[in-house]
Amino acid sequence: MQDSEANKAKSKELIEIAKFHFVHNEYRKALEFYEKALKLDPQNPQILYNMGIAYESLNDLRNAKQCYEAALKLAPDFEQAKERLSKIIGTAETG
Amino acid sequence: MKRFCVIGLGKFGISVAKALSRKGAEVIAIDTDEERVNEASNFATQAIILDATDKEALQRIGIQDIDAAIVAVGKDMASSILITSLLKELGVKYVVAKALSSLHGKVLEKVGADRVVFPERDMGMRVAQSLLSPSIFDYIALSPQYSIIEFVAPQQFFGKSLKELDLRNKYGVLVIAIKKKVPEIDTTGETSFHEDFIVAPDLDTVIDEGDILIILGHTKNIEKLRRL
Chain Y
1 MQDSEANKAK SKELIEIAKF HFVHNEYRKA LEFYEKALKL DPQNPQILYN
51 MGIAYESLND LRNAKQCYEA ALKLAPDFEQ AKERLSKIIG TAETG
Chain S
1001 MKRFCVIGLG KFGISVAKAL SRKGAEVIAI DTDEERVNEA SNFATQAIIL
1051 DATDKEALQR IGIQDIDAAI VAVGKDMASS ILITSLLKEL GVKYVVAKAL
1101 SSLHGKVLEK VGADRVVFPE RDMGMRVAQS LLSPSIFDYI ALSPQYSIIE
1151 FVAPQQFFGK SLKELDLRNK YGVLVIAIKK KVPEIDTTGE TSFHEDFIVA
1201 PDLDTVIDEG DILIILGHTK NIEKLRRL
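Chains as they are written, first to last, in the numbering used here: chain Y, 1 to 95; chain S, 1001 to 1228.
In isolation and in its complexed conformation, chain S is listed as follows (with noise of 0.2 Å):
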């Protein structure tokens, strides 16, 4: 079983906590604060009140022998840049640090963060681009220039199969994964749906009113394709 250690039981760092727990895998979490440290119990295989940067104390824990660390440290920069370059110098393979600001990202790179995560901004730009655009309702991004959006089908695209639409050959985008709506009457006699998801659609598959497609493609793509 893999073992992993959250530093810093914000609210970031207990969702990471809990997700890992939730997928069977062995979480140990730390935190100052002992009103967060119980939270953690709940559910983390240890949860221990320890100050993450005491590079002894990280010692005594048997830190070296974990397989990642996630250094979640909330406000406090300076913390969270010496707590991770203690854990790369005590031998932790692989160390995710949450950074607050572009810079704070590139400090944690120079003291040897494996991954550097940005939360609050990746969260808001997945707020901003489905403000900008309500017909895509969620977004990921790969890289700067691919990621995968949600999007509601337009109309030009009723009635017409993934053949017909050539999306691949006109637009450079792949369609995933589909998302189709089927309606249905519930035991009360009141009208319902439930959702079908067809990955790796057929080229016959044609679209209906409602769907949502899950596309993959080049951010520019993706823009003219928003467009329609």
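This is chain Y alone, in the form it adopts within the complex (with noise of 0.2 Å):
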């Protein structure tokens, strides 16, 4: 129990690194840390929602998609990771 409380906090603070090296357009950088923390927090939507954001924004739709998906799975009410996940079908019938 205390490991799995240690592995959040840790995760945490990878995610804020993560987060980081995104807003500086660094995201294959953001997606190295944010994979480290998803290893620690498996259950965190949060981690596979940001990760989505990031392969979007690296135009791998495919890669952001199934993040998406995968954070729907663990939070089925997330309404920012249905909203992305419809965007990008929706570009796929289009384009």
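Since the hints were derived computationally from the structure, they do not count as laboratory data.
Treat the hints with caution; some may be incorrect.
Calculated pairs, PhoX-like style, for lysine-lysine (alpha carbon to alpha carbon, straight line, at most 25 Å) [claimed, not checked]: (1) S/Lys1180 / Y/Lys29; (2) Y/Lys65 / S/Lys1180; (3) Y/Lys65 / S/Lys1179; (4) Y/Lys87 / S/Lys1018; (5) Y/Lys29 / S/Lys1011; (6) Y/Lys87 / S/Lys1180; (7) S/Lys1179 / Y/Lys87; (8) S/Lys1018 / S/Lys1110; (9) Y/Lys87 / S/Lys1011; (10) Y/Lys29 / S/Lys1160; (11) S/Lys1220 / Y/Lys82.
Bring the two chains, given one by one in their own frames, into a single complex with the hints.
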């Protein structure tokens, strides 16, 4: 139990670093840190959502879609993830 | 205000009629099917159940006074050809006709269509293009030789300005716009982004990872660029 709490705290730190890289347009670096954070806290839909945003920023819609879907599996009411996913599906249909 | 008449209210006809109405044009929507006409009555200026192969019926609704007619009749080629020829005979200035095949298109031109469109073929080409090259998001053919594409900036371009890249001289293509994603943190603390659309970009504009370039050029040159 303690381990899991410690992991979550460490994961939060990694997410903050990832977000720092993201806002500086360093999407791949951001993804590296999100991956590490996800390993420590695999049930966290927010990490997957933010990874989706980073993949979208790289125009990698396939991976972005997978991340949003995985986030929605963990949290089916995640509105932002639903919104992004429907946008991507819309792009694929018209493009 | 411009007046249009859309004949045939299948998927294509309905979307043309809707788009014209949305832009503020006067639209007369025609079909023989009551249900389709009902659907069009929600947005069209006038929606009429009418057999457009009937010359007198067309005259009665004043078809000769409209600015352009769109013949979007679905699968019945004979009707679409007959309607197109009637419209020209009645003096409609501009007739756009939807063709199902190239032979159909040729006949439509012969009977007087001012413009023939191939929505299925054109959409098919766009989908094929996007499947063949995932780095190309969208594609508009201007002519068989020239097109405009949405192109994901390749790695070699990152951190370089348009001046340094010199695509005009090296590849014979013109960057007409750039879509840049601007990362941000939203009100909930999650990451997000919005898109900046830079039209006629400055030569000093630097290309970053994630940028999408909108490029105009000869299809051959675009093909060369695509291989990067």
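Status of each hint after checking the structure:
| no. | hint | in the structure |
| --- | --- | --- |
| 1 | S/Lys1180 / Y/Lys29 | 19 Å, holds |
| 2 | Y/Lys65 / S/Lys1180 | 20 Å, holds |
| 3 | Y/Lys65 / S/Lys1179 | 20 Å, holds |
| 4 | Y/Lys87 / S/Lys1018 | 22 Å, holds |
| 5 | Y/Lys29 / S/Lys1011 | 45 Å, violated |
| 6 | Y/Lys87 / S/Lys1180 | 18 Å, holds |
| 7 | S/Lys1179 / Y/Lys87 | 17 Å, holds |
| 8 | S/Lys1018 / S/Lys1110 | 29 Å, violated |
| 9 | Y/Lys87 / S/Lys1011 | 22 Å, holds |
| 10 | Y/Lys29 / S/Lys1160 | 20 Å, holds |
| 11 | S/Lys1220 / Y/Lys82 | 40 Å, violated |
Of the numbered hints stated above, those contradicted by the structure are hints 5, 8, 11, listed in ascending order.
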